[in-house]
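From first to last, the protein sequence lines stand for chains A and B.
Letter by letter, the first sequence follows residues 1 to 137 of my numbering.
Letter by letter, the second sequence follows residues 1 to 129 of my numbering.
The hints are simulated quantities; they were obtained by calculation from the structure and are not laboratory data.
Quantities reported herein were computed from a predicted structural model and do not represent experimental measurements.
Glycine included, every Cβ here is placed at the ideal spot set by N, Cα and C.
Hints are not guaranteed to be accurate.
Unchecked claim - A few chain A residues that face chain B, going by a derived Cβ cut-off under 10 Å, partial list only:
#	residue
1	Leu39
2	Phe42
3	Pro47
4	Leu48
5	Gly71
6	His72
7	Leu95
8	Gly102
9	Leu114
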Amino acid sequence: MAVAVEAAPYVVLDDEYRVVETSWAADAGVGPHCGENLLDYFPGSRPLFLPYLEVAQRTRRIVEFAQYFEGHVAEVRIVPDASGLTLVWEPLCTLDVLTMDGLRESLRHALDTLRAREDALHREVVRSSLRVVEGGR
Amino acid sequence: MTGQGFVVDRDDRIVQVDDASRTTIAPYLGHVLWTYLPEARPQLAPCLEEARESDEAIESTIFYAGATVDVRVVPVGACLAVQLERRTELDLRTLETLAASLRSIEAELAARAPVRRDRPAPASPQALP
Numbered sequence: 001m002a003v004a005v006e007a008a009p010y011v012v013l014d015d016e017y018r019v020v021e022t023s024w025a026a027d028a029g030v031g032p033h034c035g036e037n038l039l040d041y042f043p044g045s046r047p048l049f050l051p052y053l054e055v056a057q058r059t060r061r062i063v064e065f066a067q068y069f070e071g072h073v074a075e076v077r078i079v080p081d082a083s084g085l086t087l088v089w090e091p092l093c094t095l096d097v098l099t100m101d102g103l104r105e106s107l108r109h110a111l112d113t114l115r116a117r118e119d120a121l122h123r124e125v126v127r128s129s130l131r132v133v134e135g136g137r
Numbered sequence: 001m002t003g004q005g006f007v008v009d010r011d012d013r014i015v016q017v018d019d020a021s022r023t024t025i026a027p028y029l030g031h032v033l034w035t036y037l038p039e040a041r042p043q044l045a046p047c048l049e050e051a052r053e054s055d056e057a058i059e060s061t062i063f064y065a066g067a068t069v070d071v072r073v074v075p076v077g078a079c080l081a082v083q084l085e086r087r088t089e090l091d092l093r094t095l096e097t098l099a100a101s102l103r104s105i106e107a108e109l110a111a112r113a114p115v116r117r118d119r120p121a122p123a124s125p126q127a128l129p
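Make a model of the complete structure from these sequences and hints.
Okay, here's the thing in structure tokens:
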């Protein structure tokens, strides 16, 4: 069972991060790896995603972050539920590698996007903390 | 586009392709090269122009479609034989691998400005005594 927006790509992972289900939008890239550890099949992905997967698994709370991987910046949401972890991602931007000018411009945009999402998430964390503090008064 | 060879006429129309490019470029026979390689014109056209003007072979390295590409252009009558060979690919996996591969690529490009290949001398020069 997956908790996801209909069109967004998602995968459902078991407790050992093996792929147990994919959405149609994720099927082309991830579908062939059903039953395998997701992180093993995408070299370089472990340090980028494992810390967030572990937090979601340990806390059983939703974890959100923005990440660059394989030419894309995506907003990633990890939702723990009874069937494991559902990893939903929304592509935010993609590098244009056709020309060097296109690459430079799209890379700048990708880095700006990452910074903006990190700032937004940080602000949200601060707001949530404030709400907790204020609610505790 | 891995290793590809083709011939363009004076209007940059593809008029001939090598065997290795039959499945990739052949559908573009009769079309201008820039239909097949969109946005490559600013980098590749100067090599073609220089080969035409000098009537000599030109070698260069450009960045196109995520990799450095070695370019060799040889005038053949009114046409140009063009050879493209991908060399160093961008590694898009992570920002670290991207930055490292981009540094290598920029160094390659800086080291390979267009080079005009002199024609062979009509006779080998005699060794000086």
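Hints, verified against the model:
Below 10 Å, beta-carbon pairs count as interface contacts, and Leu39(A) has none with chain B, the closest being about 13 Å; its hint is therefore violated. At its closest, the beta carbon of Phe42(A) sits 8 Å from a beta carbon of chain B; the interface hint therefore holds under the 10 Å criterion. Interface hint at Pro47(A): satisfied, since its Cβ lies 8 Å from the closest Cβ of chain B, which is below the 10 Å cut-off. Taken as an interface hint, Leu48(A) checks out: its beta carbon lies about 6 Å from the nearest beta carbon of chain B, inside 10 Å.
With a cut of 10 Å, the hint placing Gly71(A) at the interface with chain B holds, because the nearest CB-to-CB distance is about 4 Å. The closest approach between the C-beta of His72(A) and any C-beta of chain B is roughly 9 Å, which is under the 10 Å cut-off, so the hint is satisfied. The interface hint given for Leu95(A) holds, since its Cβ lies 7 Å from the closest Cβ of chain B, which is under the 10 Å cut-off. Nearest Cβ of chain B to the Cβ of Gly102(A): about 7 Å, under the 10 Å cut. The hint holds.
Using the Cβ-Cβ criterion of 10 Å, the hint placing Leu114(A) at the interface with chain B is satisfied: the shortest such distance is roughly 9 Å.
Of the numbered hints listed earlier, the single one contradicted by the structure is hint 1.
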